[in-house]
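Now that you have both chains on their own, put them together as the hints suggest.
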Amino acid sequence: MRRLVGFWFFLAAVAFFFLPWQLQEEGFFAFEWLASYPDERTASGFFYAISDRPWLWVVLLPVLAGGGALFFDRADPRFGRKLIWAGVLGIAYTLLQGFAIGLQGLGWSSLVAVFGEIDVQQFGFGWGATLILSAFLVWISLGVAALGHFRGDAFVSGGVVVSSALIIAFVFYPIATMLFGAVTDEEGHLALDLFVRRLLADDIWSVACLTGGTRCGVMFNTILMGTLTGFLSTMMGLGFALVVVRTQMPYRKLMRALTILPIITPPFVISLAIVVLFGRTGIVTWFLEYAFGIPPARWIYGLPGVLISQLLSQIPVAFLVMIGVVEGISPSLEEASQTLGASRWQTFRTVTWPLLRPGLAAAFLLGFVESLADFGNPLVLGGNFDVLSTKIFFAIVGAQHDPGRAAMLAILLLSLTLGAFWIQMRWLGKQSYVTVTGKGDSGLAAELPSTLRRILYWTTIPWAVFTLITYAIVIVGGFVHDIGRFDMTFTWRHYLDAFRIEQIDRGLFFSGSAWDSLSTTVQVSAISAPLTAALGLLVAYLLARQRFAGQRTFEFMTMLSFAIPGTVVGVSYILAFNIPPLEMTGTGLILVICFVFRNMPVGVRAGMAALAQIDKSLDEASLTLGARTGQTVWRVVMPLLRPAIVATLVFSFVHAMTAVSAVIFLTSARHNMATAYIVGRVEAGEFALAIAYSSVLILVMALAIVLIQLVVGKRQLGRRGQQVAAFGGH
Amino acid sequence: MNTRPFFGLAIAAATVVFAVPASAQGQLSLYCSVQEEWCRPMAAEFERQTGIKVNMTRKSSGETYAQVKAERQNPRGDVWWGGTGDPHLQAAEEGLTVEYKSPMLKDLYDWAVRQAELSKFRTVGIYSGALGYSFNTRTLAQKGLPEPKCWRDLTNPAYRGEVQVADPNSSGTSYTMLATFVQMFGEEQAFDFMKLLHRNINQYTRSGAAPARSAATGESLIGITFLHDAVTQVLAGAPVKIVAPCEGTGYEIGSMSIIKGTRNLANAKKFYDWALTPATQALGEKANSFQIPSNKNSKVPDAAPKMQDITLIQYDFQRFGGSAERERLLQRWGKEVRSGS
Chain H
1 MRRLVGFWFF
11 LAAVAFFFLP
21 WQLQEEGFFA
31 FEWLASYPDE
41 RTASGFFYAI
51 SDRPWLWVVL
61 LPVLAGGGAL
71 FFDRADPRFG
81 RKLIWAGVLG
91 IAYTLLQGFA
101 IGLQGLGWSS
111 LVAVFGEIDV
121 QQFGFGWGAT
131 LILSAFLVWI
141 SLGVAALGHF
151 RGDAFVSGGV
161 VVSSALIIAF
171 VFYPIATMLF
181 GAVTDEEGHL
191 ALDLFVRRLL
201 ADDIWSVACL
211 TGGTRCGVMF
221 NTILMGTLTG
231 FLSTMMGLGF
241 ALVVVRTQMP
251 YRKLMRALTI
261 LPIITPPFVI
271 SLAIVVLFGR
281 TGIVTWFLEY
291 AFGIPPARWI
301 YGLPGVLISQ
311 LLSQIPVAFL
321 VMIGVVEGIS
331 PSLEEASQTL
341 GASRWQTFRT
351 VTWPLLRPGL
361 AAAFLLGFVE
371 SLADFGNPLV
381 LGGNFDVLST
391 KIFFAIVGAQ
401 HDPGRAAMLA
411 ILLLSLTLGA
421 FWIQMRWLGK
431 QSYVTVTGKG
441 DSGLAAELPS
451 TLRRILYWTT
461 IPWAVFTLIT
471 YAIVIVGGFV
481 HDIGRFDMTF
491 TWRHYLDAFR
501 IEQIDRGLFF
511 SGSAWDSLST
521 TVQVSAISAP
531 LTAALGLLVA
541 YLLARQRFAG
551 QRTFEFMTML
561 SFAIPGTVVG
571 VSYILAFNIP
581 PLEMTGTGLI
591 LVICFVFRNM
601 PVGVRAGMAA
611 LAQIDKSLDE
621 ASLTLGARTG
631 QTVWRVVMPL
641 LRPAIVATLV
651 FSFVHAMTAV
661 SAVIFLTSAR
671 HNMATAYIVG
681 RVEAGEFALA
691 IAYSSVLILV
701 MALAIVLIQL
711 VVGKRQLGRR
721 GQQVAAFGGH
Chain X
731 MNTRPFFGLA
741 IAAATVVFAV
751 PASAQGQLSL
761 YCSVQEEWCR
771 PMAAEFERQT
781 GIKVNMTRKS
791 SGETYAQVKA
801 ERQNPRGDVW
811 WGGTGDPHLQ
821 AAEEGLTVEY
831 KSPMLKDLYD
841 WAVRQAELSK
851 FRTVGIYSGA
861 LGYSFNTRTL
871 AQKGLPEPKC
881 WRDLTNPAYR
891 GEVQVADPNS
901 SGTSYTMLAT
911 FVQMFGEEQA
921 FDFMKLLHRN
931 INQYTRSGAA
941 PARSAATGES
951 LIGITFLHDA
961 VTQVLAGAPV
971 KIVAPCEGTG
981 YEIGSMSIIK
991 GTRNLANAKK
1001 FYDWALTPAT
1011 QALGEKANSF
1021 QIPSNKNSKV
1031 PDAAPKMQDI
1041 TLIQYDFQRF
1051 GGSAERERLL
1061 QRWGKEVRSG
1071 S
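Residue numbers (my numbering), protein chains in the order written: chain H, 1 to 730; chain X, 731 to 1071.
Looking at chain X on its own, in the form it has when it is part of the complex (with noise of 0.2 Å):
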């Protein structure tokens, strides 16, 4: 057989793919809930200024604290950064991530602390951000429908088959309008009221901020999410209006844990203490996030929601990020609200 002159071709080829570099500095699992573009910033800058290589999945909250616990016996994340509180807290109370006192506390808004606090420093509290909607103005004009203005007003059979919303089983943040509700309107009010939106609702997406996505598109005339994510939009030129519902609404404390059991506990403790410093948290802003950090010494974003000229309700994390009250009012709502079509 004669030799084949593509044999050493095929060789430096496959020498080329192989030859990934394994990292002297370890390696860090990160479990990313915010959005993507925020993730791939923060993973690619770690990794830039420590040589620590990052390997980043993107899931929402309500499916990475699943997966967390799917894997607590043989955990395979080492940092959960983002995402709502309420997962957070609820993973901290199962045990299944671990307490870390990290020296930026001090920098740090006492909300963010008291996230810390209650889950005896197995959380804190890295960003905030206010609930609320947002609708295409050019679609509403179009079919000469009225401002949505409140909560209430998203009932409107006008608005039948209009109205998007993630799926809380899966997103933080749409936990967060079920608990909102729950708070605001005394339970079973609340669940009558969702039963009501239900027929409103288009789609119930996986992440939490699809839906505001989808009402800058037009695909849906209105999105439930936080009001950061349709800021992003409206920087972005699409032709929405942000709306904080007038009953008030709820909020969330963006979290950070590190796993238990984590194989990289020094790299996930440098990150950890990494992702609270000013400048760290400034890539935020650049990645067209919005949020309000939680560093006293980071900037607040020009377009973020002006917090005082919303009216906030005293959201209790404590309870709403209970392990029992979390799972009893999403079995609740699945079968009240999801299937009872």
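In isolation and in its complexed conformation, chain H is listed as follows (with noise of 0.2 Å):
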């Protein structure tokens, strides 16, 4: 423990003097800067502090203090007490002066009356003062365990006092700064006069559609649509589920493999699909007035629209969630049931149906949250149906810029899909669910009442269909000329567009216009992805393994991301990273940091799965033979938890190439990702390339998909046959 004291005095001291203390332009990875070190751009902190930037001095202070624990011994209570307090202030201090003086010299009005004004631009925090703050922050972790706490283990408070942090920084701080800017005037001053104007905006709240006027509030669609696609998709994803359970229906193992489609499929591509089909030159609009007489219409703009491509992609993810339920419904039950005399439809109704009720609100939930967060779809088939995820994205992006407004907006977003949880937690109560058990178990499931099978087969078989066709127009779509107006010959030219490759005299040339987004997409999942398995698994162990105080809100703390829609995310994301001292956004980094936390609680989910299952002995075994907490994290936990780092892998891989909502906000001309990219294009009615593009996507994730199971490769539990490697879905 000592020597990491030593270690990390001896990296805060290189950083102070000699790492460059800002952001380089080049970002935080590019090294470009080695070329003119040192400059006024590239100088570190000590050069800083003597020429123009004395407050950097007192950056020294708690650094030294640190490096002065060392004269402490380990088990004397001053050692750490004197790390904690070296770290804690040290933070606080290097926080506060970037945060005060910034792009425009000291910032607070309040501080401009004691020190005067300054006259100096700082901007991000750069390697040095990183690396300074991940001194501190390990110093904090080394001082709680010299104190006893976490049982003396360093590597658990490291990894609770780091995890804690890192949450702190990138999904708390954002957030909080969020609602802020929604309290706040351009400047930055606090304005509740204007808050109070954005808050009661008559386009948010109204609901003059219900008394003859044109149009609704955002607020009013917004929970419209989220209603209707939660409770549809619920029912259709039961009803598929019913008939793959408990019908003898031919070919309905081929449904679940359907399923599958949405999870890799870049969302709004489907909208497309619907637009060739419904739109008012669509196929079906043209039988209909072929057939019927019916004339073509743009009914599908708006409402409808939206509702089915929502429900294209949210269906499958219900009928995931309920085929768990509707399999672990004990026959024993129902049969119980029918044995006292009750009929099929009574027995559905008394026994199978309440102890759906979990799996329905967890269904109903996810479609919810799902389409409320979801932007694609509305950009493209909404019309003139407004909903909260647009606007905030126009309020952002478009040319009234009010990141107030947005932040207004987005904290409605986040209220909405808080207040769905908190429903669902109510609705569910305290009731016992519980059906599988250990007693024998080996009755037959009840057929289902033959009403009730009829109205199943005449709703999902059409539905399965039409999804097929849908996603046979994706298909098709790419390779012909111009799908929008049946132009149907046979073309290349699509691909071509987004990936030709040419041969010139400086070697080869990506001249395609999917190359540049392209790439940076592949690198930002490949970067996160491991990073996202890496800290959920970290994560999992801690609280699955480990016991200390604070651990339910530790645990808390790590899920809340989820509930945070991408949308709020993204312009959570701007409005605190778009200055110093974190500031990020226009890089890579903020695309990959922002996928670890998006993507994160699957991990933690995944890992505390898997480690319920591994017997706590193992790990005592190898603490006992002397192997450290690390050790026996890496050399015993690692290895029996493949499955969940697999399934973590392609699950933050896979969402990392298809997610819209939070990215949108944090392309930039220099780290474009595919899906903004083909989101342009689909708004320009490029559909072609869209879903050429989109196609290529595809393929991209099934190779990952497979490289990543050859790498991990599978566990080996005993001389057992092979294990089924873990598969993830949402």
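Think of the hints as simulated: they come from the structure by calculation, not from any bench.
Just so you know, even glycine gets a beta-carbon here, dropped at the ideal spot from N, CA and C.
Relax, there's no trap hidden among the hints.
Facing chain X, a subset of chain H residues (Cβ under 10 Å, in silico):
no., residue
1, ARG215
2, THR281
3, PRO295
4, PRO296
5, PHE509
6, SER513
7, GLY586
8, HIS671
9, ASN672
10, GLU683
According to the in silico footprint, chain H covers these stretches of chain X (three or more CB under 8 Å from chain H):
no., stretch
11, 755–767
12, 777–788
13, 800–811
14, 932–944
If you want it as structure tokens, here you go:
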């Protein structure tokens, strides 16, 4: 432990005296600065301190104080206390000076009164500042462990302290900034009247469409769309699950395979197919006119179109949730009901249905929350039907550029999703839904009432066919001239537009328009997936295997980012990370961080579930034999967790490639993402290019999934046959 | 633990992905506000000829203006190329762009140079085109509707839900329309007219040229755009007819500016000069964009709408490219037209 303290003291000193203090223009991970080091932009904290930023000297004090801990013995409580104080004060001061003195010199008027104007621009933290902050964090965790907390285990205390700090910085801080942004004006002054005006704006709350007006406010629209999507997708998901589990329909296995499609499809691609089918000149529209004389109309643009496309992507997800629940219902309960004389319909209504409630609630919630956050589909098909997510987008990206209004709308969106979570918890209450028990369970599932079965067939089969047709259109659309106008001549043109490679005298030249965004997307996904898995599994290990004070709070913190819609994350990130000291917008780093913290909860859940199966005595054996905690995790726990690792890697990779709602705010000219690019093409009506690009994305994802499974490998348990590798979904 | 043979494979794959060679010639971040189809060859061609890595984003001109303004403390773009002149002029007035007198100025038409003079050489004209609309002949025949010929025809209740135009907040095209109406009809009448027109609008799109595409596929009967955007659809074989309204119409001077605080000024100037050459301006026609180029030596595309056949108004760029005026008109539009449904 003393060695670690010394090592970080050394690093902090190097960082202060030699490494560039500020963020470099080329980004955090670019090393162009080496060429011009040291100059005005690339100088270290020390150089700035002796030239025009004397306040940086103060940073050196906690660094020295932390190093001073080495004068004490590890067992001496002064050792731990000194480290903690040095770390806490160091972090506090470094952040304080970064926030106070930004791009416009001293930004806080109360401080100007004391120190006078400071005419120095400070940019975001670079390598120097970041390393020093890391040293402070490490010292805090070492100090805490030295004082005997976390049973004196430095690995555990380090894990808890560092992951908490990261979550505070990248989940809580942005949300807090956003809340702050909603109550301030453009200059950052508190303006409550502005907040009230933003909150009560008529285009948010109006319900004029109910009373004969033309349009409703965005709140009404959003809730209507979310509720309908949640309700219908849950019902259809349940229908599909019942058909697959409880009937003998042929090809029902195929339905299971179909559910993978929406998971690997960039979501808004479906809305393209909808336009081709139901648009005013669409195939179905044309047929209806030809066969029944129904005049073509634009009904699809608005709620109907948005709803259909949301359902196409949400029903498979609801199905995945419901099938687990339906399979889990013990048939013996239903048998008991029938033995007692209930009809099949009574049994379904009084036994089966109530047992489905947790699944129904979960599926509804997913549909509701996902459709609220989604934004590709309303953008393409919304017409004049505004929802919160698109309003937020235009408030940030549009010409009116009003971050305060965007923050206000994002808060409304956040409260809707949190409200939905809360209602779900209330509805389920504290009843017991346990049906899988250790007792013998050999009953056969009751057959469905025949009316119900017929209804199910008549709804699920057409929908499955419809899903297949939409995907067929997506595939065909990439290979024909212009599917929007039925110019069905075969062509490779769209693929060439996107992925052309030419040979010029300097070598290969990637002149296709999609190469830039594709390479960024693959890089960001490939970097963020292992980080997500590492952080998620570390947190899972801490939660499942360790006991420490504040564990519940820690668990809540790690799961919170799951309840925040992507759109809200996007807005909060640009508000928080657009300005120093944590300045990251326009870099690739912000994309990576965004994905890591969006997807981490899935890693946590997967890891905790897997750890629950592994006997704790294995870890204990390793510890008893003298391994340290870190070693035990690496050598014993990790190999046993391979299925969870694969699941997390696949999930976070796939999600990073297909997510839109958060990243669309964070892309820049230099770091554009595939989905953001495709949304733009869709909007401009370049359907074919969008489709071609999407199909290549799907291919890349399939390759990546295979690669991940090969690299991580499967776990080998005894001489048992190979375990089935887990596969991630939503 | 045994060595895993696939580890090497993973590393190989990673090398391929990450080995994006950093260009020795430096970079250029290009904000492009014309059709993506034209932005792409511009970026690729410049990169091919100079070796400078171009990072291009396409956004409508109103949106690009908002972005440049939002980033003014910490600019991330270098050159803003294309899009209607008004937001460029507004950016120039607000000091968001820098002065540059290109050696190419002497080869440009007067209207392009006037644009530069108006902005104290902070922007320059690169093309021009007239405003108008196009309609889908097939849908028109099916519905048995009269053929529109003038702006006033568009408010005919028979076209309810049949007209599409962009949102003037995001699109320069649509702002040009707004400014045109104000200049032709006078401000009060113009807003009364747009309120009537609003009843017939089925959707306000983000991008200015999107309505031309909607008219081409028949998703909308009428699309208000620049005429050259409609020409693109005609040449692609769409059943649309282009209308230069009988009352006369306004026009745009597509512009280009260098963003203040650019980190690649030398490359930005290189691009600026290059973009004004006849060879570069010829890229537009190849990319199905039929504006009239600003260099006198550039060939005017055969398909470009003939300016002599169109009644053009005296468009007051100074007034309508002014910051305060543009904001005032947009706010009034948002309040009275868009949400006054």
